[in-house]
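J.: Heads up: the protein sequence lines correspond to chains A, B, C and D, in order. Residues in the first sequence are numbered consecutively from 1, following UniProt numbering. Residues in the second sequence are numbered consecutively from 1, following UniProt numbering. Residues in the third sequence are numbered consecutively from 1, following UniProt numbering. Residues in the fourth sequence are numbered consecutively from 1, following UniProt numbering.
Treat the hints with caution; some may be incorrect.
[What the hints assert, rightly or not] Derived DSS-like pairs: lysine-lysine, alpha-carbon spacing no greater than 25 Å straight-line:
{"no.": "1", "chain 1": "D", "residue 1": "K77", "chain 2": "B", "residue 2": "K77"}
{"no.": "2", "chain 1": "B", "residue 1": "K88", "chain 2": "D", "residue 2": "K259"}
{"no.": "3", "chain 1": "B", "residue 1": "K259", "chain 2": "D", "residue 2": "K139"}
{"no.": "4", "chain 1": "B", "residue 1": "K224", "chain 2": "A", "residue 2": "K291"}
{"no.": "5", "chain 1": "A", "residue 1": "K139", "chain 2": "C", "residue 2": "K77"}
{"no.": "6", "chain 1": "B", "residue 1": "K139", "chain 2": "A", "residue 2": "K224"}
{"no.": "7", "chain 1": "D", "residue 1": "K159", "chain 2": "B", "residue 2": "K77"}
{"no.": "8", "chain 1": "D", "residue 1": "K291", "chain 2": "C", "residue 2": "K291"}
{"no.": "9", "chain 1": "C", "residue 1": "K164", "chain 2": "A", "residue 2": "K77"}
{"no.": "10", "chain 1": "C", "residue 1": "K308", "chain 2": "C", "residue 2": "K263"}
{"no.": "11", "chain 1": "D", "residue 1": "K139", "chain 2": "B", "residue 2": "K88"}
{"no.": "12", "chain 1": "A", "residue 1": "K291", "chain 2": "B", "residue 2": "K291"}
{"no.": "13", "chain 1": "D", "residue 1": "K159", "chain 2": "D", "residue 2": "K291"}
{"no.": "14", "chain 1": "C", "residue 1": "K77", "chain 2": "A", "residue 2": "K99"}
{"no.": "15", "chain 1": "C", "residue 1": "K224", "chain 2": "A", "residue 2": "K139"}
{"no.": "16", "chain 1": "D", "residue 1": "K291", "chain 2": "B", "residue 2": "K139"}
{"no.": "17", "chain 1": "C", "residue 1": "K259", "chain 2": "A", "residue 2": "K88"}
{"no.": "18", "chain 1": "B", "residue 1": "K263", "chain 2": "B", "residue 2": "K308"}
{"no.": "19", "chain 1": "A", "residue 1": "K77", "chain 2": "C", "residue 2": "K77"}
{"no.": "20", "chain 1": "C", "residue 1": "K139", "chain 2": "A", "residue 2": "K88"}
{"no.": "21", "chain 1": "B", "residue 1": "K259", "chain 2": "B", "residue 2": "K308"}
{"no.": "22", "chain 1": "D", "residue 1": "K224", "chain 2": "C", "residue 2": "K291"}
{"no.": "23", "chain 1": "C", "residue 1": "K88", "chain 2": "A", "residue 2": "K259"}
{"no.": "24", "chain 1": "B", "residue 1": "K77", "chain 2": "D", "residue 2": "K99"}
{"no.": "25", "chain 1": "B", "residue 1": "K139", "chain 2": "D", "residue 2": "K88"}
{"no.": "26", "chain 1": "A", "residue 1": "K224", "chain 2": "A", "residue 2": "K51"}
{"no.": "27", "chain 1": "B", "residue 1": "K77", "chain 2": "B", "residue 2": "K59"}
{"no.": "28", "chain 1": "B", "residue 1": "K99", "chain 2": "D", "residue 2": "K99"}
{"no.": "29", "chain 1": "D", "residue 1": "K291", "chain 2": "C", "residue 2": "K224"}
{"no.": "30", "chain 1": "C", "residue 1": "K164", "chain 2": "C", "residue 2": "K259"}
{"no.": "31", "chain 1": "A", "residue 1": "K77", "chain 2": "C", "residue 2": "K99"}
{"no.": "32", "chain 1": "A", "residue 1": "K291", "chain 2": "A", "residue 2": "K340"}
[Claimed, not checked] Okay, the calculated bits of chain B under chain D, using three or more residues with CB under 8 Å as the criterion:
{"no.": "33", "stretch": "82-95"}
{"no.": "34", "stretch": "141-152"}
Simulated from the structure, these hints should not be mistaken for lab results. Here a beta-carbon is modelled for each residue, glycine too, at the ideal position from N, C-alpha and C.
There are 4 protein chains.
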Amino acid sequence: MKTAIHRIDIPAIMEVNSNILENVGSYVERAGISRVIVLFGEGIRELFGEKIISSIKNKTALSLLETYDFDDITIEKLIPHAFSIPSKADAVVGVGGGKVLDTAKYIAFLNNLPFISIPTSTSNDGFSSSGCSLVINGKRTSVHAAMPFGIIVDLAVIKNAPVKFIYSGLGDIVSKISAVFDWYFEERNNAARVDDFAAMLAKKSVNSIVRMPYTNITEQFFLKEMVDSLTMSGIAMEIAGSSSPASGSEHLISHALDKILDKPQLHGIQVGIATYLMSLVQQHRFERVEKFLGDTGFFDHVATLGMKAEAFEKAIDIAPSIKPNRYTFIHVEANRNRAKELLRSNEILNKILT
Amino acid sequence: MKTAIHRIDIPAIMEVNSNILENVGSYVERAGISRVIVLFGEGIRELFGEKIISSIKNKTALSLLETYDFDDITIEKLIPHAFSIPSKADAVVGVGGGKVLDTAKYIAFLNNLPFISIPTSTSNDGFSSSGCSLVINGKRTSVHAAMPFGIIVDLAVIKNAPVKFIYSGLGDIVSKISAVFDWYFEERNNAARVDDFAAMLAKKSVNSIVRMPYTNITEQFFLKEMVDSLTMSGIAMEIAGSSSPASGSEHLISHALDKILDKPQLHGIQVGIATYLMSLVQQHRFERVEKFLGDTGFFDHVATLGMKAEAFEKAIDIAPSIKPNRYTFIHVEANRNRAKELLRSNEILNKILT
Amino acid sequence: MKTAIHRIDIPAIMEVNSNILENVGSYVERAGISRVIVLFGEGIRELFGEKIISSIKNKTALSLLETYDFDDITIEKLIPHAFSIPSKADAVVGVGGGKVLDTAKYIAFLNNLPFISIPTSTSNDGFSSSGCSLVINGKRTSVHAAMPFGIIVDLAVIKNAPVKFIYSGLGDIVSKISAVFDWYFEERNNAARVDDFAAMLAKKSVNSIVRMPYTNITEQFFLKEMVDSLTMSGIAMEIAGSSSPASGSEHLISHALDKILDKPQLHGIQVGIATYLMSLVQQHRFERVEKFLGDTGFFDHVATLGMKAEAFEKAIDIAPSIKPNRYTFIHVEANRNRAKELLRSNEILNKILT
Amino acid sequence: MKTAIHRIDIPAIMEVNSNILENVGSYVERAGISRVIVLFGEGIRELFGEKIISSIKNKTALSLLETYDFDDITIEKLIPHAFSIPSKADAVVGVGGGKVLDTAKYIAFLNNLPFISIPTSTSNDGFSSSGCSLVINGKRTSVHAAMPFGIIVDLAVIKNAPVKFIYSGLGDIVSKISAVFDWYFEERNNAARVDDFAAMLAKKSVNSIVRMPYTNITEQFFLKEMVDSLTMSGIAMEIAGSSSPASGSEHLISHALDKILDKPQLHGIQVGIATYLMSLVQQHRFERVEKFLGDTGFFDHVATLGMKAEAFEKAIDIAPSIKPNRYTFIHVEANRNRAKELLRSNEILNKILT
């Protein structure tokens with residue numbers, strides 16, 4: 001048998017700093033790209049379009065073939081769009097929130113082009129991962145695309161986005177604690193094989209930020225750490241060849257909430273709460289989770305949202321069926337019961353959920 | 001122009017835990033390897049040979065073709081050995097300190113075989129990187145080999161190694177702070193191009209440990225973080241395609257000391273001191289470096305070694321010539337003068353050097 | 001600048017022989033695949049379904065999750081199907097002609113699964129290439145997918161397919177002669193950069209068969225050479241990163257015919273005629289083309305089809321607009337005029353077209 | 001289990017044409033290389049040095065760091081040389097026969113640099129393969145290096161090399177016939193697993209030339225086919241991950257002759273004779289081999305060399321021990337007896353050996 005070393009794709013462009021939207025053209029040109037199209041999410045062109053477009057037009061070796069205001073993740077709308085872009089394009093740039101990034105990422109994937117990810121809010125690790133969340137056959141579905149070729153994050157933009165996006169990003173990061181623990185649990189139960197290197201990266205991504213001193217979650221240093229952590233989470237999934245290092249029982253609860261609720265909250269908000277809950281069930285680093293979500297103001301923010309404990313109860317019951325092939329803590333009945341009990345008994349959960 | 005995503009090699013086996021030497025056979029077999037040779041460093045067979053050998057022999061699908069006590073990094077000795085191993089071998093296992101790991105790594109490289117790295121002390125990131133330090137034409141020389149296919153670290157072994165090896169490991173980790181800063185300095189001076197993803201990993205590797213709470217540097221949790229950080233440092237170099245994310249002016253000073261001194265200290269010990277010095281010159285995160293090296297007892301340990309400030313002075317002058325193609329802080333005369341001044345004026349340096 | 005060696009994907013399974021459908025399960029299992037779905041083209045299940053299904057079911061380590069009779073290349077139909085396959089599937093098998101292979105190939109691509117290509121006729125190189133021909137926005141469109149992971153060709157099946165498929169395959173192979181010549185023409189005119197290794201493979205693929213002695217085009221030895229040649233053509237495109245080594249002006253004429261005609265002929269039939277025409281325009285190896293298409297009976301077969309010279313005339317005019325970014329012989333007006341002239345004056349073309 | 005598509009390295013530069021030595025600089029520069037060293041084989045600088053050196057110096061973006069007349073394949077001599085080349089070099093160019101190509105290829109490998117192969121005679125497939133033949137521990141040994149990054153063959157040079165090199169090249173090509181047959185024989189006997197795609201390429205490489213019409217073996221068209229075939233043979237080995245598609249019992253006999261004889265003949269000469277012999281033993285395509293070696297004048301050339309049948313007899317007995325892990329036709333005693341019998345009874349062998 002021929003043993004093969006593990007080979008992965010990582011972004012070729014990675015720029016995370018303040019006030020760098022005006023350098024987008026330079027970064028893209030320097031990477032050998034000549035002709036791009038740009039997709040803006042809703043309302044994004046007004047805010048940042050001018051800056052990005054002129055930074056591209058200023059480059060002599062770079063052409064801007066077309067810009068679009070398009071972020072429709074319904075596959076029936078996305079596909080015709082994907083195959084009507086100029087055939088000369090050699091890269092797809094997406095600017096905005098999760099929807100336009102998924103749209104642009106999938107258009108790039110279908111055309112076998114590099115994708116350049118420019119998130120204007122970083123509420124989850126979608127900007128740095130190979131996955132896409134699309135609406136297929138009427139349902140939100142996770143599908144495979146490709147790793148971003150470039151990631152460009154302007155921290156000044158992130159800082160000025162509504163604070164809920166930052167809390168969502170933090171909720172997504174802290175979830176690596178329960179997710180990795182679930183993964184090892186699956187391995188012990190012969191339901192998965194952990195890739196130790198992916199697990200290590202996922203753990204480092206969360207540890208470097210939860211242990212970090214800061215005075216304010218919108219300070220540049222802290223936001224950079226957050227963006228870097230979300231990026232590492234994306235890479236960890238790439239290495240694992242699955243979402244397991246970044247997504248365990250807490251993500252299943254959030255996916256279940258998406259099904260139950262008419263208006264779900266931001267992904268990372270739901271995930272963050274579920275992480276705290278599951279870390280209590282797992283009896284694993286719950287103090288750390290509690291301290292981080294408390295200190296950053298995450299819990300206080302959640303308390304303003306009017307989320308219902310009842311919805312979580314239902315979500316806990318549905319969660320295992322979201323990914324029947326996995327075997328996380330939430331797949332065990334006793335743990336579901338314990339989780340529902342905690343919804344009633346835990347002081348913090350009582351305070352932030354209604 | 002065709003733009004290519006960045007593709008890197010990462011270890012397929014990565015196991016870091018206590019009392020796992022007896023599982024070596026399982027890890028290796030599970031990765032699809034059938035016939036191995038094992039190299040032990042000096043004195044290592046007595047300590048761990050029995051455990052490792054029997055763990056391999058216990059596996060029905062795994063054969064142990066040959067074991068050697070051989071860790072000669074002189075290329076004239078290494079080459080004939082490399083080409084006399086059994087032709088049926090499909091992997092090379094190295095067990096011990098830096099020398100045997102470099103020996104085994106190079107033998108694997110020359111035979112195009114996967115290398116499994118089992119460090120018994122982790123005084124630097126050599127156990128997880130693609131580079132080798134060999135003696136060529138009479139001089140210690142860094143040469144290219146390949147990334148380890150497997151990394152297996154028994155934390156119980158690391159814990160029981162002399163504490164100087166742990167301090168050396170910590171010194172090597174903290175050096176990422178000055179090294180990455182040097183790299184960006186080179187970029188600003190058009191002497192290099194930073195790979196942002198590699199730089200990010202290098203920073204995460206050090207940040208996750210320097211911000212970590214611990215009660216004792218030999219506790220398992222802390223040692224695991226150290227080993228993970230050194231591993232990430234190896235990966236960062238692989239991504240960068242050079243040692244720059246992990247090695248800056250502080251490493252040049254250490255290399256210069258190796259030339260000057262009859263009996264140099266451990267690599268990471270020298271590097272750690274030079275990191276503190278250079279962080280002061282760079283005026284970059286020196287408080288963090290000082291606190292970490294102080295709290296862990298690194299400075300106290302150094303104070304027992306009788307190292308001479310004079311040697312550092314000479315090393316500072318020679319350092320730029322070690323890598324004339326680079327342009328770190330130490331390549332600037334004013335910085336060398338400042339560094340020498342600090343050797344005399346800085347209180348801590350005065351205390352730990354004689 | 002970091003220079004990168006060229007790295008390409010090639011099929012891991014490649015089996016070309018007579019009466020091997022009953023081994024499909026073995027080939028697939030041996031490659032490490034555990035759970036497959038199978039798509040059959042129209043009428044294919046009746047002919048070969050039993051044999052393939054039982055060969056898969058006979059394997060203990062292999063499960064057949066689902067079979068489909070589905071070969072709809074309209075993207076609106078294909079997409080929902082693609083995302084409704086069992087999530088446990090780890091490979092997609094397609095059995096039949098061009099349509100089902102494109103369907104299965106694209107379903108595999110969208111799900112990031114390996115595709116196993118089992119053509120029952122080999123009328124072009126689609127079974128061995130990364131491209132797909134789908135109907136998008138109402139038009140036949142070439143899109144990117146991925147190289148087949150496996151290619152399994154039962155020569156007994158190919159031999160018993162209607163002879164027009166074999167002629168179409170031969171027409172597609174011989175087109176490499178004009179296609180490669182066009183590619184070098186583009187390079188001389190600074191409109192392309194030839195990948196010499198891809199060009200070499202494309203030439204070898206055609207040369208090995210046009211120089212081969214045979215008594216009958218349906219004899220196994222000859223058919224195997226044809227299948228191997230079409231496979232190499234697929235690989236040549238993969239290496240080039242474009243269809244240029246396999247597709248020049250002769251393909252543009254055929255694509256134009258597809259637009260003009262209500263009922264186009266098989267791709268390779270049209271391409272073969274256009275290759276002869278363009279080889280005369282190029283004054284390049286036309287004797288070889290003429291001899292091969294004459295000896296094999298290709299011309300005689302075409303003469304029975306009632307194709308019209310007039311359609312070719314129109315197609316010649318439209319051809320350059322099919323790929324406006326390229327610069328083949330047909331993109332030059334004088335050559336188009338020469339081609340139309342030849343339609344009237346060349347004896348063979350006069351005989352086979354009406 | 002995750003199934004992986006097969007990924008291989010192929011040369012990025014491949015130029016085969018007449019009078020192209022003066023373009024070497026352009027080819028190298030165009031591939032993104034900036035600073036080269038050049039190694040010349042014995043007597044090669046006088047013949048082609050001027051042309052190559054000035055073609056490199058003419059390029060503004062390309063520097064010639066150093067040239068050497070060095071082709072010592074003794075590892076003790078090669079190693080110190082390898083590690084004394086300028087550290088700024090980003091590619092190694094080798095010009096000449098087999099020895100200097102092996103030397104330069106290994107120097108490139110040890111320094112992790114791309115290797116550009118410029119053979120001045122093509123007596124075997126070494127110029128296009130990843131292997132090296134070095135003298136290690138006093139014995140000629142095949143070792144692993146890396147695929148050439150570039151292959152540049154000036155056919156005018158090849159044409160003017162002594163004709164024995166052309167015959168040797170042809171002998172090496174024709175050996176794919178017996179080598180591939182041996183490989184399938186091993187598979188039937190569970191001693192190997194054939195990679196069908198590699199086998200197909202190896203077969204195409206020989207078939208395209210043995211079926212080719214030509215008037216003279218030194219005509220450009222024929223020589224180009226020969227060079228392309230040898231290149232494909234190198235690639236086939238790369239795909240297989242072993243030399244099996246290109247080297248079977250006929251190569252073992254030649255290796256055995258190298259051990260026995262004081263002055264062995266050129267590799268391909270010995271291999272060609274052994275191929276004829278083994279094709280008779282295998283009863284596989286021996287008429288084709290006989291016709292090709294007869295028509296090209298190979299047999300007549302061999303007849304002038306005074307080679308002894310007796311040496312072949314001994315070589316046949318030793319052959320299996322050269323690669324005891326393989327199981328080719330020559331590993332079966334009855335076949336060895338049959339081969340020795342043929343040495344005495346076959347008319348052609350009687351005529352060309354003494």
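J.: Would you check chain D against the stretch 82-95 of chain B, counting CB to CB pairs closer than 8 Å, and say if three or more residues qualify?
T.: It holds, with 4 qualifying residues against the three required.
J.: Within a Cα-Cα threshold of 25 Å, do D:K159 and B:K77 meet the stated pairing?
T.: 43 Å, violated
J.: Tell me if the straight-line CA distance from A:K291 to B:K291 falls inside 25 Å.
T.: 24 Å, holds
J.: Would the hint linking C:K88 and A:K259 be met if the CA-CA limit is 25 Å?
T.: 22 Å, holds
J.: Given the hinted pair B:K224 and A:K291, is their alpha-carbon gap at most 25 Å?
T.: 23 Å, holds
J.: Under the criterion that the straight-line Cα-Cα distance not exceed 25 Å, is the pair B:K139, A:K224 satisfied?
T.: 42 Å, violated
J.: Is C:K308 close enough to C:K263, meaning Cα to Cα at most 25 Å?
T.: OK: C:K308 and C:K263 at ~12 Å, within 25 Å.
J.: Given the hinted pair D:K291 and B:K139, is their Cα-Cα distance within 25 Å?
T.: The hint is violated at about 58 Å.
J.: Just to be careful, I want the Cα atoms of A:K224 and A:K51 compared with a cutoff of 25 Å; is the pair within it?
T.: 21 Å, holds
J.: Is it true that the CA of C:K224 sits at most 25 Å from the CA of A:K139?
T.: 46 Å, violated
J.: Starting from C:K164, check that the Cα of A:K77 is at most 25 Å away, please.
T.: Judged against 25 Å, a Cα distance of about 39 Å means the pair is violated.
J.: Is the hinted pair D:K224 and C:K291 satisfied, with a Cα-Cα distance of at most 25 Å?
T.: 23 Å, holds
The structure shown violates the earlier hints numbered 3, 6, 7, 9, 15, 16, 27, 28.
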